[in-house]
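Visitor: Please take these sequences and the hints and turn them into a complete structure.
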Amino acid sequence: MSPSTLELVETLSGIFLGDYSSDTDTDYVPDSEEDSDSSHSIRVKKNNDINIISAKCCIPDSDDDFEAGVSTGTVQTHAAVVHNLVNQDFEIRNETSSTTFHVIRGDETLNQITNFEVQNNDDYLILETQSEPQACRPKKGRKRKHPEHTMAQKKNVKYANLPYHGKNKLMPSKNFIDYTCKCTRQCYFRVSEENRKEEFEKYVLLGSYEAQLLYILNNVKESPKSRSYTLINNKSGKKKARQYRRNYFICDIEVCKDMFTHNFQISSKKVDISLLKKRSGTALKDNRGKAQGGWNKTPQEDVEFIKNIINSLPKYESHYRRENSDSKYLKPGTTIEKIHEIYIDELKTVYGTLKRPVSINTFKRIFYSNFNLRCKPLKKDTCNKCDSLRNKIKNCSSEEKTILVAEKEEHLKRAEELRIQMNQDLQRAKIDEKFECLTYDLEKTLPLPRIPTNIVFYKRQLWLYNSGIHAGSNDVGYCNIWVEGEAGRGAQEVGSCLVRFIKNDLSHEVEDLVLWSDCCGGQNRNIKIILMLKAVLDSHPRLKTITLKYLESGHTFLPNDTDFSKIEYQLKYHQRIYTPDQYINVIKSCKKKNPLNVYRMQRNDFFSTSKMEKKIVNRKTFVTKAKVNWLRTKKILLKRDEKYTIYMENTDGMFEELNIEKKLRGKRLEISEEDLVLLWPNGKEIAQAKLDDLKSIFDFISKDCLDFYKTLKGNDNITEDVDGFDCVTDFELLIEQTEQTEQDDQEDLLQDIV
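For the sequence shown, our numbering begins at 7 and goes up steadily by one.
What the hints contain is simulated information worked out from the structure, not anything from laboratory work.
Predicted model only: the values in this text are computed from it and were never measured.
Pairs of lysine-lysine, PhoX-like flavour, derived with a Cα cap of 20 Å:
#1 173 / 296
#2 188 / 263
#3 620 / 534
#4 370 / 145
#5 321 / 334
#6 645 / 550
#7 465 / 450
#8 419 / 555
#9 275 / 263
#10 645 / 621
#11 649 / 669
#12 398 / 414
#13 621 / 534
#14 161 / 173
#15 203 / 180
Restraint-style ranges between C-beta atoms, simulated for each label pair:
#16 156 / 401: 57 to 63 Å
#17 307 / 591: 52 to 58 Å
#18 571 / 344: 23 to 29 Å
#19 591 / 380: 28 to 34 Å
#20 189 / 374: 51 to 57 Å
#21 354 / 423: 47 to 53 Å
#22 717 / 151: 47 to 53 Å
#23 151 / 617: 56 to 62 Å
For each residue, glycine too, the CB sits at the ideal point set by N, CA and C.
Guide: Written out as C-alpha cells, the structure reads:
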C-alpha cells in the first residue's frame, strides 16, 4: 500500500468495518477501552446504510510539509468510489470540540471528490497518529544500485493497472474481458457489457490493495446460512465448515460468483480474505511478506522486560564519531552475551522458575531491532593523564576534586581544539593549492614471516616497518616500507620518509606545509627531524615555511590510523606472508577507493644528521633565557628565510625563539642538504639470537623466499625489545614524568619560601 493512503484507509476500515455490529445496531456501545479512547473518539451521524469504498489522501511526511500542505488548502484525493449513498451529508465530529468535518456527499461525482478542497485550515483533522519509530541498528549490506526501484513503487505500478515485473516475467496491464457465465440467472444479460466494463475500470484503478478489498466488501454481502447439512457417513455428526452464504453484486444487480470473479479478474481467495478481515475486525492492511509471528512468537511482555534491562545499562557517545553517527556505546568490554547473562539473572530474581529465558538469538534480534547500540571493545591505548586524573578524583577531598576536574576538562578541551585545527588544515589543503597538510605516523610492527604455525609464537621474528603519510589535498595515504635488517625506527628514519615525500610527491605549487603527528618525542619531536626538514626546506624551489603541530597526548587519532586499520583488516585474509613484497601487495589491495601508494625504502633513502649536528649548537635555552622543553612543545615553525632559527610554541600558547647558529673563529658554519649522509650504508644488523630463531624456522618458509632471509646479518651486542627498539622507551610516559617533576619542583620551592 502506498504511504499516502495508509492512514486514511486504516481509519475508514476502523470506523466502518472494525466491528460489523456498529453498522447495524443503533444502540451499539464500544466494548473495549481502545474503541472509547477520547484521543481517537469520533461520532458518525447517519440516516441510512453507508458503503464507503476508499478515499486516499496525500498525508504530509513531516510537520513542515503538513503546514505547507494545509496553507494551500488542497487535499488531493487519489481514488474514491461510492455506491448506494443517499443524497445526504455525512459528518465526522470530534467529541472534544464542535468542529464539523465534511466527508463524502452522496451526489458527489468521482471528479468532485478528487478535487475536494478544505474550506478552513483549522478544520483539518488527522484521525490517526503514528508514533515515531524507535531507533534501531542501521542495516548492513550493499546499498541499492537503483534506490528508486522500491517494493512500494512496484505495488503502486501494479495497482495503477500498469505493466509490472512479476516473478521471472513481465505482467501486462489488465484489460476488460467480456465473460459469459453458464448459470441459470443469465447474469450476462442482466448487467450490460458497458456497465460491467465501467465497474471493472473503477476497480483496477483504485490504486491500492486495501481499496480493492473495500470495494469487494461493498459488493459482496455475507449473511449466516439459513440451514445446515450434516456430512454423509460421518458418525461424529460434524457439519460443513462454511457458516455463511454470499451474494455478489455488480451495479447493485445480483450476479453469480463466476461472473463476479471473472469480471474483475480476481480469485475467490481474495474475496475470502476481505470478508475474513471484516468478520475478525482486523485492519485491511496488506500483511503479505511481513513477519507475523507464529505459535512460538515471543510475548510482548517478555520483549518489554528485555528492553527495560537494556535501557537500564549506562550509555555514552563516542568521542570521535558523535558528529557522524547516532549510535551510542555501552560500557567498554560489554558484549551481547554478557547482557544476556544479566537478563537471565534478573529474570530469575523477578519470576524465579515461572518463566523461561529467551535464547541468545532472540535476544540479539530484539537488541538490534530496537536499539542503535554498539559494544565497544576494551581500550588498549588509553590516555595516561586521563587515567591518572580519574583515579585521583575517586580518592580525594572535595576541594582537591574541584581542581582535578577542572584540570581534566581543560585537558579534554585542549585535545578537542587541536583536533579541530587539524581537520581545518586538512580541509584547507583541498581548496588552497599553495597549502598542504600532511599527517604522519608509524604503524605497529608487522612480523616476518607471517605463518599460522604454533612454533612461531616461541621464536623471535623479523619486523617490517611502515611509515604512513596521509595527504590532505587528495586524501591519499602513502606507505614507506622497510624491514628491520635495513634500518631502525627512529627519528632519522621517519624524517627520511618525510624528506623523500617532499622531494618527490609534494606539489611544486605548495608554499606552506603543515605536518601533524602524535606526541612521540623519540620519533617526531626532536632536533634530528628538525634539521632534516631545515635542509629540505632550504633546497625546495617554492616552500617558504614548514610547521610541525602535535596533538594532545593520549588523544592522537590521525587519518593514518584509518589507513592502518584497512591494512590490518586485509591481513586477516592472508595467513602466510614470507617477504616484504607480499606485504606490499596486500597493502596495495586493501583500499578500493583512493588506494594506498606504497614505496619500498632502500638503503640510499635513509639519511643521518650527524654531520649537521656538528655545525649547529643544540642549545637548551631560548633567546629569552627560558628553558627548552621539547616534550611540552605543541607547535614548531621553520622559515626558509631564517635558516638558524626555530620557533617553538608550548602548551601555554607562547612562541619562543631558539637560535642554533654556530660560529667558529667568527665564521658561520653553513648547513645544507649536502650535509645529509647515509644512515645505514651497509644495512643494519639485527640481534644474533633473532637471526638464529629465523634460521630455525626455515623449514616453514617457502624455498623461493629464503634468499631474502639469508642476506640478514647478526650481532651479539644488539639487544632489543619486542617492538624492535634498541632499548625500552615509553615516550608518552616521559611527558607525564616531566610534568610531574616540574610540579614537584614548584611544590618544593613553595615549601622553602614558607
